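Throw the hints in and build the complete structure from the sequences for me.
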Amino acid sequence: MAATLAAGGDSVVAGSAAADLWGFRDHKGAIEVVRPAGGKRRDFWLDGLGVASRQRVVVRGSRYLPSADRTRRHGIPVLNVARLFLDLSAILPEKALWDAFKEADMQGVLNESDLLRCGQLGKGWKGAGKNRELVRRRHPEMKDARAYIEGLMLEIDRDFDLGGPVVNQPKGRYYPDFVYEDCGLLVEVDGAESHSGRLAFYDDSYRENELRQQVRQVIRFSTEEIIQDRERVARIVRLEKEKCFKLMALEAEPGRES
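Numbered by this note's numbering, the letters in the sequence shown go through residues 1 to 258 in order.
Just so you know, these hints were derived from the structure itself, not from any lab.
Here the structure is a predicted model, which is why all the values come from computation and not from measurement.
The reader is advised that the hints may include incorrect statements.
Dumping the calculated EDC-like pairs for lysine to aspartate or glutamate here, alpha-carbon to alpha-carbon at most 16 Å [claimed, not checked]: (1) LYS171 to GLU210; (2) LYS243 to GLU181; (3) LYS241 to ASP182; (4) LYS241 to GLU188; (5) LYS171 to GLU208; (6) LYS130 to GLU94; (7) LYS126 to GLU94; (8) LYS171 to GLU181; (9) LYS95 to ASP26; (10) LYS246 to ASP182; (11) LYS95 to GLU155; (12) LYS171 to GLU188; (13) LYS246 to GLU181; (14) LYS243 to ASP182; (15) LYS241 to GLU181; (16) LYS95 to ASP159; (17) LYS95 to GLU133; (18) LYS241 to ASP161; (19) LYS130 to ASP99.
Have a look at the derived ranges for each label pair, beta carbon to beta carbon [to be verified]: (20) ARG72 to ASN209: 47 to 57 Å; (21) ARG72 to LEU116: 17 to 27 Å; (22) GLU94 to ASP229: 20 to 30 Å; (23) GLU112 to ASN168: 11 to 21 Å; (24) ASP43 to ARG238: 47 to 57 Å; (25) ARG41 to GLU231: 38 to 48 Å.
Just so it is clear, CB atoms sit at the ideal spot from N, CA and C, and this is done for glycine as well.
Here is the structure:
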């Protein structure tokens with residue numbers, strides 16, 4: 001708050017400091033502030049009463065900063081998330097940018113209409129193409145992923161064109177991670193190594209056996225598999241889907257008992 005007050009006008013926190021304020025990327029260093037005006041960049045140091053430690057503030061102007069791109073977080077003036085990603089696209093490496101975008105998506109702070117609007121902005125601006133690619137790549141189910149590892153699994157599904165599962169939707173009294181409803185394949189992520197103790201493993205086993213009665217196949221991947229061997233995970237899912245489709249064909253044969 002002190003940085004924006006010192007910068008004056010309708011200044012808002014921007015850049016990596018804004019991402020930290022929103023909670024989807026850590027930042028240490030200078031606080032970037034943007035204000036709706038032209039002019040040269042200026043720096044100053046913020047200290048004194050109400051400031052925990054001496055902070056460098058970098059102020060830059062923007063000729064296009066409408067009120068729709070400005071909001072408040074914990075009472076502090078800040079860029080809204082969609083406009084912020086347009087700015088971050090100019091300064092972050094691709095992986096760091098995508099990781100921040102996924103985290104923001106899973107936290108539920110992305111607004112679809114704002115994303116589409118900001119995706120049309122900035123043609124000719126540095127990073128504008130990367131921002132449009134973010135919007136294009138966004139998986140519509142990412143907002144339903146309950147954990148980061150589930151988000152990675154959704155990436156694999158998209159990148160290898162596996163068909164788009166439903167996510168965390170009820171099957172009886174359980175909420176399985178992913179179900180490919182076109183063939184009846186259920187995919188669970190994060191094996192027993194991520195849980196604490198034998199009872200947790202027993203619960204997973206009981207759950208899995210019950211779910212097997214409602215679908216054609218259940219497979220499970222560990223965190224390590226999903227992070228370290230994406231191609232293998234995609235290959236297994238594709239092969240298991242093919243097996244499920246064959247079972248479907250057999251079940252549909254005339255005179256075959258279910």
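Do the hints match the structure? See the list:
Restraint check: the Cα-Cα separation between LYS171 and GLU210 comes to about 10 Å, which is no more than 16 Å; the hinted pair holds. At most 16 Å may separate the alpha-carbon atoms for a hinted pair to count; LYS243 and GLU181 meet this at roughly 14 Å. The straight-line distance between the Cα atoms of LYS241 and ASP182 is roughly 9 Å, inside the 16 Å bound, and the hint therefore holds. Between the alpha carbons of LYS241 and GLU188 the distance comes to roughly 14 Å, so the proposed pair stays at or under 16 Å and holds.
Simply put, LYS171 and GLU208 have alpha-carbon atoms about 11 Å apart, close enough for the 16 Å limit, and the pair holds. Straight-line distance between C-alpha atoms of LYS130 and GLU94 comes to about 8 Å, which keeps the hinted pair within the 16 Å bound. The suggested pairing of LYS126 with GLU94 holds, with an alpha-carbon distance near 13 Å, which does not exceed 16 Å. For the proposed pair LYS171 and GLU181, the alpha carbon gap of about 11 Å is at most 16 Å, so the pair holds.
Between LYS95 and ASP26 the CA atoms are separated by roughly 15 Å; this keeps the pair inside 16 Å, and the hint holds. A hinted pair counts as satisfied when its Cα atoms are at most 16 Å apart, and LYS246 with ASP182 qualifies at roughly 12 Å. Between LYS95 and GLU155 the alpha-carbon distance is near 13 Å, which keeps this suggested pair within the 16 Å criterion. Restraint check for LYS171 and GLU188: satisfied, since their Cα atoms lie roughly 13 Å apart, inside the 16 Å limit.
For the suggested pair LYS246 and GLU181, the alpha carbons sit about 15 Å apart, so the restraint of at most 16 Å is met. Under the criterion of a C-alpha separation no larger than 16 Å, the hint pairing LYS243 with ASP182 is consistent with the structure, at around 12 Å. At roughly 10 Å between alpha-carbon atoms, LYS241 and GLU181 fall within 16 Å of each other, so this suggested pair holds. Taking the CA atoms of LYS95 and ASP159, the gap is about 15 Å. The hint holds against a cut of 16 Å.
About 13 Å separates the Cα atoms of LYS95 and GLU133, which keeps this hinted pair within 16 Å; it holds. For a cut-off of 16 Å, the pair hint linking LYS241 to ASP161 stands: about 12 Å separates their Cα positions. Taking the CA atoms of LYS130 and ASP99, the gap is about 13 Å. The hint holds against a cut of 16 Å. Range check, ARG72 to ASN209: about 50 Å between beta-carbon atoms, so the 47 to 57 Å window is met.
Separated by about 22 Å at the C-beta atoms, ARG72 and LEU116 satisfy the suggested range of 17 to 27 Å. Between GLU94 and ASP229 the C-beta distance comes to about 21 Å, which sits within the given range of 20 to 30 Å. A beta carbon spacing of about 19 Å between GLU112 and ASN168 agrees with the range 11 to 21 Å that was offered as a hint. Between ASP43 and ARG238 the beta carbon distance is about 53 Å. The supplied range of 47 to 57 Å therefore holds.
Checked against the hint of 38 to 48 Å, the pair ARG41 and GLU231 passes, with Cβ atoms roughly 45 Å apart.
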